[in-house]
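Chains as they are written, first to last, in numbering that gives the first Met the number 0: chain L, 0 to 558; chain H, 0 to 355.
Just so you know, these hints were derived from the structure itself, not from any lab. Hints may be right or wrong, so weigh each one.
Said to hold, decoys possible - To list a few chain H residues with every Cβ distance to chain L over 12 Å, as calculated:
1) Asp122
2) Leu123
3) Pro127
4) Asp160
5) Lys164
6) Gly313
7) Lys322
8) Val326
Claimed, not checked - To spell it out: a stretch of chain L is covered by chain H in this simulated footprint if at least three of its residues, at any positions, have a beta carbon under 8 Å from a beta carbon of chain H; those stretches are:
9) 119-126
10) 211-225
11) 333-345
12) 502-508
13) 514-523
Every residue, glycine too, gets a C-beta built ideally from N, C-alpha and C.
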Amino acid sequence: MRALGVHMSPSARIDRRRVARGLLLAVPLAFLGVFFVYPVGSIIGRGLTPGGTLDLSPLGAVVTDPHLRDVAWFTIWQATVSTALTVLVALPGAYVFARYEFRGKRLVRAAVLVPFVLPTVVVGSAFLALLGEGGPLGFLGLDQSVAAILLAHVFFNYAVVVLIVGGLWSHLDPRQEDAARVLGAGRWQTFRAVTLPALRPAIAAAAAIVFLFTFTSFGVILILGGPGYSTLETEIYRQTVQFLDLPQAAALSIVQLAAVVAVLLVAGRAQGRRAQALRLRASAETSRRPRTAGERAMVGVNLGLMAVLLGGPIAVLVQRSFDTAGGYSFGFYRALSELRRTSTVFVPPIEAVRNSVVFASIATVIALVIGGLAAFAIAGPGRGVGPPRGLDTLLLLPLGVSAVTIGFGFLIALDRPPFDLRGSPALIPIAHALVAAPFVARVMIPVLRSIDERLREAAALLGAPPGRVWREIDLPIVARAMLVAAGFAFAISLGEFGATIFIARPDYPTLPVVIFRLLGQPGPLNFGAAMAASVILMAVTAAAIFAIERFRFADIGEF
Amino acid sequence: MRRLLVLTLAVSIFATVVAAAGPVAATASAPTGSSGTTITLMTHDSFNVSKSVMRQFTKETGVKVDVLPSGDAGAAVNQAILTKSNPLGDVFFGVDNTLLSRALDEGLFIPYRSPQLDHISKDLQLDPRNRVSPVDTGDVCLNFDRKYFEKKKLSAPNTLDDLTKPQYKGLLVVENPATSSPGLAFLLATVAKFGPDGWRAYWEKLRNNDVKVVDGWEQAYNTEFSGSAGKGNYPLVVSYASSPPAEVVNAHPAPSQPPTGALLNTCFRQIEFVGIMKGTAHEKAAKKLVDFMLSDRFQRDMPLQMYVFPARDGTKLPTAFVKFAKVAPTPFALPPDEIARNRDQWIDEWTNTVVR
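One chain only, chain L, in its complex shape (with noise of 0.2 Å):
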């Protein structure tokens, strides 16, 4: 048994690898094909046959539509500089993380993730106190202005560029620049000719995400951006939920989707198909303690920067969640467990805490599969006979899809057995899991990438069979990866990513839930209280990462 594989025919093995590979990819297919396909094509179907017959005028008008074309143009050019800026702000940060040693490095890693997860009216007005009219920073009059919906997006997705490129940087041989500076190059040069073609696949796809995110943001267009601006996601919005003009809504969504699909192709054209294998080592083994002047000061002017973009509008928060007309005490987090006590909206916050680690745990465990899966039979063992290039970029889709679509599209798509989710709670975790899962795959496919297919092929020759290659090759290389992963999907799902915050959803109130009312009330209360509640949001999001990061397991300095 153990040496079958090896006595086979070379055209056997790549019958059963596919045969193996597609039923790896059946599982996320239909995944996809279920909760996000079905629907997506359904609303935009319904959009497009008002009165039961084809009419595709909307999409003509919408195409020729002067105003329509700056939205779209806009809605581009925005995300892209947001995408653009984001990278050049996070690398440094990545590097620091992954090549330094500091005290309470855990802690940092894991608290740049917590603005991933706030909701944005609550960033929104933590912004506002620092850049509008009277703040500290008002006097460069941001407020309401691109500038300020490209600093939110740094500020929401830094963590994204942090922690995938750091990740595979932490496994990069460091000796390899060293060699390449004992030849003589310079520190830009070797970046340029030896780190940065070993980091492209994990740049590309944190970008790819970051664009995705930006590409669909929809609070911080409307909340920091004002009136004045309008993407295809906010056009969606308005037509959808606001107008219910399924013609024109269903425009824009193929419109919204033709971008992204080209978007993506031509970013995954430049990332170049053959991510190049790397020789990686265990991360412990390639960061130190910064030594000289110049290390310390990266390391400071980094996590400097962190604490001023990151920790200034959450300093805010926490603030204001003390701030209580008495001076400064725990008055509003004992009002969370007081405020409307006797009404049927009321939550204790410690429930509120549950559901959302509730729903957060299962979600991930639904993208952990999916994503892992796609991504294993995507850029696992044997890449030759893998799926139809392009692929792995299209899995990404779901991130760019206005969750307006898709949460609608549950509502006509989802409303019959054996698919009958309207009013279930098993909801919730499978909206999140749609945005989480694609991020999973696209987390892991560079790192499986990256793994020298001579090592898998030198395992099988000595006898090891598929699924011991898989745990003692693979598996420990692609651990890291995956646990960024779940931190992300962990965090997508305590954020509310995705199709449910735009739709009826049955009544377990999450902790943003909690947030989201407790705003919709007047009164000095009902505003610190959820503040009060942004902070424990942010404490259970950081305690979950840390708790995320502390499994390490089999490094692969092991091997």
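Chain L is already provided as a structure; the job is to place chain H on it using the hints.
Showing chain H alone in chain L's frame:
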């Protein structure tokens, strides 16, 4: 390798345990034990009622109510329309007079004349066929920050026209009518006041007087308005006549006077309705819920739960409402079918006038 197995096991066990323990639902009614029916009340996110009140309903009728919050009022109505062939609920609460005609034209509701309607003013009963019944009213009015105007020795504006005067330049923040229901109500107030041909010129003047437009009520009131918690920069905001009492009730320690006031000559009255959804399998139970929502027990509970005024005549108001909540004597109004016909176009024209 072993640690990986341990992790996988730990995660699976954790997930199983939490899944078994299950998320905790906020139930609207107590478990009955009786063999009563359960009906779903589809509504907007602001719906709220005392637990004891719903418990009493379940006790009296044996009917249990599941609440399905579905976004803001506009989003909830549109979801109901989208799913009308296979409705999400049995009863719908929260369609208001700005959305009413659309909901009725789409045939969302079946007629039911509740005996309780005898206690409700005819002025509020906008549908002669009783497909919907009025439950509450709320006046969308400008709110002002008392402290600001006292400190500046400036009198607060009195009318919509006042807002275009130079002394009020840069003081007003409003919500975008395309994304906010009070924002839309305020736009409708200006249409009612200045007419279908005059309102754009008025907004032109507001724009020249540096009106600030933001996305939603939460941002306008909590962040931009100077009179409430966020300590923003704008002493005038579009909110509700019931916001001042909320500033007293939801503060600790409670002030003797609200720090804000409503300007009663700037108001548009929103009327919220309840209706039985076409396609319900529980028409009898749904009727009971409609009766209950119009009854004194439910109506008395509403003001402090949702900050609205009861539709039922003679309902006793809570002290905070008696003391601090004013009702606009002659609010602006527009017929629902006129709103339905022009709403989207007005919003588009408003956008072109004010933000482009």
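The hints, checked one at a time:
At roughly 27 Å from the closest C-beta of chain L, the C-beta of Asp122(H) stays outside 12 Å, upholding its exclusion from the interface. Every CB of chain L is more than 12 Å from the CB of Leu123(H) (nearest about 24 Å), matching its label as outside the interface. A cut-off of 12 Å between C-beta atoms confirms that Pro127(H) is not in contact with chain L; the least separation is 25 Å. Non-interface status of Asp160(H) relative to chain L is upheld: no Cβ of that chain comes within 12 Å, the nearest being about 24 Å off.
Listed as outside the interface, Lys164(H) is consistent with that label: its C-beta sits roughly 21 Å from the nearest C-beta of chain L, beyond the 12 Å cut-off. Listed as outside the interface, Gly313(H) is consistent with that label: its C-beta sits roughly 24 Å from the nearest C-beta of chain L, beyond the 12 Å cut-off. Remark: the non-interface label on Lys322(H) is consistent with the geometry, its nearest Cβ contact in chain L lying 15 Å away (cut-off 12 Å). Once the 12 Å rule is applied to beta carbons, Val326(H) is consistent with being away from chain L; the minimum gap is 17 Å.
Counting residues of the region 119-126 of chain L whose beta carbon lies closer than 8 Å to any beta carbon of chain H gives 3, which reaches the threshold of three, so the coverage claim holds. For the region 211-225 of chain L, the stated coverage by chain H is satisfied: 3 residues place a CB nearer than 8 Å to a CB of that chain, which reaches the threshold of 3. For the region 333-345 of chain L, the stated coverage by chain H is satisfied: 8 residues place a CB nearer than 8 Å to a CB of that chain, which reaches the threshold of 3. With 7 residues bearing a CB less than 8 Å from a CB of chain H, the region 502-508 of chain L meets the requirement of three and the coverage assertion stands.
With 8 residues having a beta carbon nearer than 8 Å to a beta carbon of chain H, the region 514-523 of chain L meets the requirement of three or more and the stated coverage holds.
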